[in-house]
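Student: The residues making up each chain are set out below.
Number of protein chains: 2
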Amino acid sequence: MANPTAAMLVIGDEILSGRTRDANMNYLAKELTKHGVDLREARVVSDDAAAIERAVRELSTTYDHVFTSGGIGPTHDDITADCIARAFDTPIDVRDDARALLEEHYRRTGLELNAARLRMARIPDGAKLIENPVSTAPGFTIENVHVMAGVPAVFEAMVASVLPTITGGAPLLSQSLRVNRGEGDIASLLTDLAGDFPDLSIGCYPFQKDGIFGANIVVRGRDGARVDAAVTRLSRDLEQ
Amino acid sequence: MANPTAAMLVIGDEILSGRTRDANMNYLAKELTKHGVDLREARVVSDDAAAIERAVRELSTTYDHVFTSGGIGPTHDDITADCIARAFDTPIDVRDDARALLEEHYRRTGLELNAARLRMARIPDGAKLIENPVSTAPGFTIENVHVMAGVPAVFEAMVASVLPTITGGAPLLSQSLRVNRGEGDIASLLTDLAGDFPDLSIGCYPFQKDGIFGANIVVRGRDGARVDAAVTRLSRDLEQ
Chain A
1007 MANPTAAMLV
1017 IGDEILSGRT
1027 RDANMNYLAK
1037 ELTKHGVDLR
1047 EARVVSDDAA
1057 AIERAVRELS
1067 TTYDHVFTSG
1077 GIGPTHDDIT
1087 ADCIARAFDT
1097 PIDVRDDARA
1107 LLEEHYRRTG
1117 LELNAARLRM
1127 ARIPDGAKLI
1137 ENPVSTAPGF
1147 TIENVHVMAG
1157 VPAVFEAMVA
1167 SVLPTITGGA
1177 PLLSQSLRVN
1187 RGEGDIASLL
1197 TDLAGDFPDL
1207 SIGCYPFQKD
1217 GIFGANIVVR
1227 GRDGARVDAA
1237 VTRLSRDLEQ
Chain B
1007 MANPTAAMLV
1017 IGDEILSGRT
1027 RDANMNYLAK
1037 ELTKHGVDLR
1047 EARVVSDDAA
1057 AIERAVRELS
1067 TTYDHVFTSG
1077 GIGPTHDDIT
1087 ADCIARAFDT
1097 PIDVRDDARA
1107 LLEEHYRRTG
1117 LELNAARLRM
1127 ARIPDGAKLI
1137 ENPVSTAPGF
1147 TIENVHVMAG
1157 VPAVFEAMVA
1167 SVLPTITGGA
1177 PLLSQSLRVN
1187 RGEGDIASLL
1197 TDLAGDFPDL
1207 SIGCYPFQKD
1217 GIFGANIVVR
1227 GRDGARVDAA
1237 VTRLSRDLEQ
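These protein sequence lines map, in sequence, to chains A and B.
Going by the working numbering, the first residue of the first sequence is number 1007, and it counts up by one from there.
Going by the working numbering, the first residue of the second sequence is number 1007, and it counts up by one from there.
If we strip away everything but chain A, and leave its shape as in the complex, we get (with noise of 0.2 angstroms):
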């Protein structure tokens, strides 16, 4: 049986002006790799709500699974959730399951539970909580959607409870061998490679380093026996 598919969509003007370098892309790509869940496109959009509405429809439509990362916080660039709400047409309003934690975080912190941060108990009609172990302003699925924060440490503790709730398939295995030779010269040679083994996926990504063209060529699927077998092929063609 296929994978389930997935989607990420990052939502923030920092990324896109350069400001920040996204982080949770690659974390979350390598844990749905190991979950065995495919991830087929990621996307980042700015802090626009017509831009978040169209991605999250059109993502949520076309794959088993979105995860969105960023825009969740109290401060008025934080349109994420009344965002995911427009998109399925679902009312949003402060929840009292997210405004017990809420209550219960602050009087243990001793800060105040003012208005912004009471924003961060908005929750869609319908949605699940997710936990939040790191600062306690809950995430939320709703239909396939998968709304976290942005921060990476609250992210990916995010991760680590919606993982578990998912299906997953068989993790994609994936074995590499580094070459010192150009792309160029072995890129028949993978041709030939990829024909007799349909069932796997050979990438081949070269490097420049110290004046020295090379190239990792990385042979991925599901099944560990047809892995190695193609691997040893590439090694024993790669001596002659």
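Read the hints as simulated data drawn from the structure, not as lab findings.
One or more hints might be untrue.
Stated by the list, open to error - In the DSS-like style, the derived pairs of lysine-lysine whose C-alpha atoms are separated by at most 30 angstroms in a straight line are:
1) A:K1036 with A:K1134
2) A:K1036 with B:K1215
3) B:K1036 with A:K1215
4) B:K1134 with B:K1036
5) B:K1134 with B:K1040
6) B:K1215 with A:K1040
7) B:K1036 with A:K1036
8) A:K1134 with A:K1040
9) A:K1215 with A:K1036
10) B:K1134 with A:K1215
11) B:K1036 with B:K1215
12) A:K1134 with B:K1215
13) A:K1215 with B:K1040
Treat the numbers as computed from the prediction; the structure is a model and nothing was measured.
Fit chain B to the supplied structure of chain A, relying on the hints for placement.
Tutor: What follows is chain B alone, placed relative to chain A:
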């Protein structure tokens, strides 16, 4: 006048599997910001012909410029050039000007210009070559799409070749303030500030370090005097 808009399209299974961390998006974002081009969206798709074609069509009709990264090397998984040609219904074949560049390069380096390497001279009809001072094999611009390599050193060199050919607008200016207070404490103050400076973008980016919750507040705009005024007002508000 509004700045020109842009999107980036990163092509590569290795990013979506988590094997490789994309570095080109952040580089391009910074360069475009300096050049006065607004990067509005970024997408990552896999080495899948239908996905690449669809993304190129969508992005090139939505934004003034599209910058792609990846998939223009000599191996079987390098399918970007052919996908771009199909997206524009344009014929593609080995082109004499690109072939001449490669012939000269491989004569100099003593390597064979074999069939695989010659694939890097496949250029759509009517496209303009993008110079590659690092490893010769050119990128190309067709319509409003700039097709570049994925290897960061080559990508960066190609961006440097392309940017001077693009008319930019006013560069986005920004100033930031680091605050060792939680976002929730300063949110209402930022809402007021954003209301009074509707021509500026005011972002709040929380961080968590050594148990301290703080935030970087970034004020962005095209008019330096207005950015100054907003930051002065913000500093004053924060002291109260």
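Student: Each hint: holds or not?
Tutor: Hints, verified against the model:
no.	hint	verdict
1	A:K1036 with A:K1134	holds, 24 angstroms
2	A:K1036 with B:K1215	holds, 24 angstroms
3	B:K1036 with A:K1215	holds, 24 angstroms
4	B:K1134 with B:K1036	holds, 24 angstroms
5	B:K1134 with B:K1040	holds, 24 angstroms
6	B:K1215 with A:K1040	holds, 28 angstroms
7	B:K1036 with A:K1036	holds, 26 angstroms
8	A:K1134 with A:K1040	holds, 24 angstroms
9	A:K1215 with A:K1036	holds, 25 angstroms
10	B:K1134 with A:K1215	holds, 29 angstroms
11	B:K1036 with B:K1215	holds, 25 angstroms
12	A:K1134 with B:K1215	holds, 29 angstroms
13	A:K1215 with B:K1040	holds, 28 angstroms
Every hint from the earlier list agrees with this structure, and none is contradicted.
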